[in-house]
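Chemist: Generate the whole structure from the sequences, applying the supplied hints.
Counted the way my numbering counts, the sequence shown spans residues 9 to 305.
Where hints are given, some of them may not hold.
What the hints assert, rightly or not - Here are the in silico distance ranges between beta carbons for each label pair:
| hint | residue 1 | residue 2 | range |
| --- | --- | --- | --- |
| 1 | P236 | K117 | 29 to 35 Å |
| 2 | A69 | R126 | 20 to 26 Å |
| 3 | S143 | D17 | 22 to 28 Å |
| 4 | D17 | K213 | 28 to 34 Å |
| 5 | V237 | E303 | 48 to 54 Å |
| 6 | R126 | L177 | 40 to 46 Å |
| 7 | A69 | A178 | 24 to 30 Å |
| 8 | R136 | N296 | 17 to 23 Å |
| 9 | P195 | K141 | 33 to 39 Å |
To be verified - Straight-line alpha carbon distances no greater than 35 Å define the calculated DSBU-like cross-link-like pairs of lysine-lysine that follow:
| hint | residue 1 | residue 2 |
| --- | --- | --- |
| 10 | K113 | K98 |
| 11 | K212 | K179 |
| 12 | K113 | K169 |
| 13 | K99 | K113 |
| 14 | K213 | K179 |
| 15 | K117 | K141 |
| 16 | K98 | K117 |
| 17 | K141 | K113 |
| 18 | K10 | K179 |
| 19 | K141 | K212 |
| 20 | K98 | K141 |
| 21 | K141 | K99 |
| 22 | K10 | K141 |
| 23 | K169 | K99 |
| 24 | K10 | K98 |
| 25 | K179 | K169 |
| 26 | K117 | K99 |
No lab work stands behind these hints, which were simulated from the structure alone. Backbone N, C-alpha and C fix where the C-beta goes; we use that ideal spot for every residue, glycine too.
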Amino acid sequence: MKTTFRRYDRDADYERVGRFLVRTYSTTGSHINWLQPRWEYMHYHPYVEGVDLNSIGIWEADGQIVGVVHPEHSMGTAYFEVDAEYGALKKAMLGYAERHLCVIKNGNKTLMIYVNDRDEAFQNLAIRVGYEKQSGYEAVSYLAIPNPPPEITLPDGFRLKSLAEDNDLAKLTRVIYRGFNHGDEPPNDYIEERTFMQSAPSYKKELNVVVEAPGGNFACYCGMWYEPVHRIAYVEPVCTDPGFRRMGLASATVLEGIRRCGERGATGAYVGSILPVYLSMGFRQIFNCSLWRREWA
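Modeler: Listed below in structure tokens is the structure:
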């Protein structure tokens, strides 16, 4: 079927792309699209301010979205979402990304792209036009949610809470800032960023879990999203204050968030990681997207 191209319009297309990602959800085959919660997280992450959303390209057939090429938290890196029946679009999508998503460094254009390791056709296309495979990658792991859920244990004096019970943005900001190794104490505008993130349409405070340490500060945080059509949980983000690491707190928050999604009907959970902490919970890698880079004049 003939396809048409146009630029992304945030107001008109944000939800339409989300529905496209739900419609094309799959974990098998050579190409696998983003989960809808990641698309939502991208749009409500503070880094979106550094992204030109109008640079996103959309391909449609008979009024239905069949392809999207876009950055995430910064320009210069491209992701490709495509209906499996329209895989031939990838050549045009890559060409568009090179023209509109690249960055210029030292007078040369540079673009990084993520390609599924199973997608030999896309890898061969990338090689033909000059891309080289890098050491970077994005892995995705999956956990079938057990029933009954596993027992969750915490050290004495620590307790699990949801943000529906205690949405203290100052304490939340502090654990995120420290947990991602940005420094000791966050600047004041970080609270505004947390407020923005919590304005996402699917953000549910009752699914976002913290561990409260003795004394009242948050020691660990797990963000959790639930996609009800396919009954899946999506883990993003997870962080632990450096002063409370290696105590099992991250496992506890993630498992509690997954348990809460399970109560809503979730049967599986995804996380974009293969860190040992997730593998120890029972997550298993299901696919990998490698980073490829091209630089040209």
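Chemist: Does each hint fit the structure? Answer for all of them.
Modeler: Checked hints:
Checked against the given bound of 29 to 35 Å, the beta carbons of P236 and K117, roughly 41 Å apart, lie outside it. Taking the beta carbon of each, A69 and R126 are about 24 Å apart, inside 20 to 26 Å as hinted. At about 36 Å, the beta-carbon gap between S143 and D17 misses the expected band of 22 to 28 Å. Judged by the Cβ atoms, the range 28 to 34 Å given for D17 and K213 holds: they are separated by roughly 30 Å.
For V237 and E303, the Cβ-Cβ distance of about 40 Å falls outside the hinted range of 48 to 54 Å, so the restraint is violated. A hinted range of 40 to 46 Å holds for the C-beta pair R126 and L177, which are about 41 Å apart. Separated by about 48 Å at the C-beta atoms, A69 and A178 break the suggested range of 24 to 30 Å. Roughly 22 Å separates the CB atoms of R136 and N296, a value that falls within the hinted 17 to 23 Å.
Checked against the given bound of 33 to 39 Å, the beta carbons of P195 and K141, roughly 38 Å apart, stay inside it. This hinted pair checks out: K113 and K98 have alpha carbons roughly 25 Å apart, not beyond 35 Å. Restraint check for K212 and K179: satisfied, since their Cα atoms lie roughly 18 Å apart, inside the 35 Å limit. For the proposed pair K113 and K169, the alpha carbon gap of about 46 Å is over 35 Å, so the pair is violated.
Straight-line distance between C-alpha atoms of K99 and K113 comes to about 24 Å, which keeps the hinted pair within the 35 Å bound. Of the pairs offered as hints, the one joining K213 and K179 holds, with about 15 Å between alpha carbons and a cut-off of 35 Å not exceeded. Among the hinted pairs, K117 with K141 is consistent with the structure: their alpha-carbon atoms are about 17 Å apart, no more than 35 Å. Taking the CA atoms of K98 and K117, the gap is near 20 Å; set against the 35 Å cutoff, the hint holds.
Restraint check for K141 and K113: the C-alpha separation of about 19 Å stays at or below 35 Å, so the hint holds. Our distance criterion of 35 Å between C-alpha atoms is broken by K10 and K179, whose separation comes to about 52 Å. With a C-alpha separation of about 38 Å, the suggested pair K141 and K212 falls outside the 35 Å cut-off, and the hint is violated. This hinted pair checks out: K98 and K141 have alpha carbons roughly 18 Å apart, not beyond 35 Å.
Between K141 and K99 the CA atoms are separated by roughly 18 Å; this keeps the pair inside 35 Å, and the hint holds. About 32 Å separates the Cα atoms of K10 and K141, which keeps this hinted pair within 35 Å; it holds. The straight-line distance between the Cα atoms of K169 and K99 is roughly 48 Å, outside the 35 Å bound, and the hint therefore fails. Proposed proximity of K10 and K98 is supported: the alpha carbons are some 15 Å apart, at most 35 Å.
Taken as a hint, the K179 and K169 pair is honoured in the structure, with Cα atoms around 13 Å apart against an allowance of 35 Å. Restraint check: the Cα-Cα separation between K117 and K99 comes to about 18 Å, which is no more than 35 Å; the hinted pair holds.
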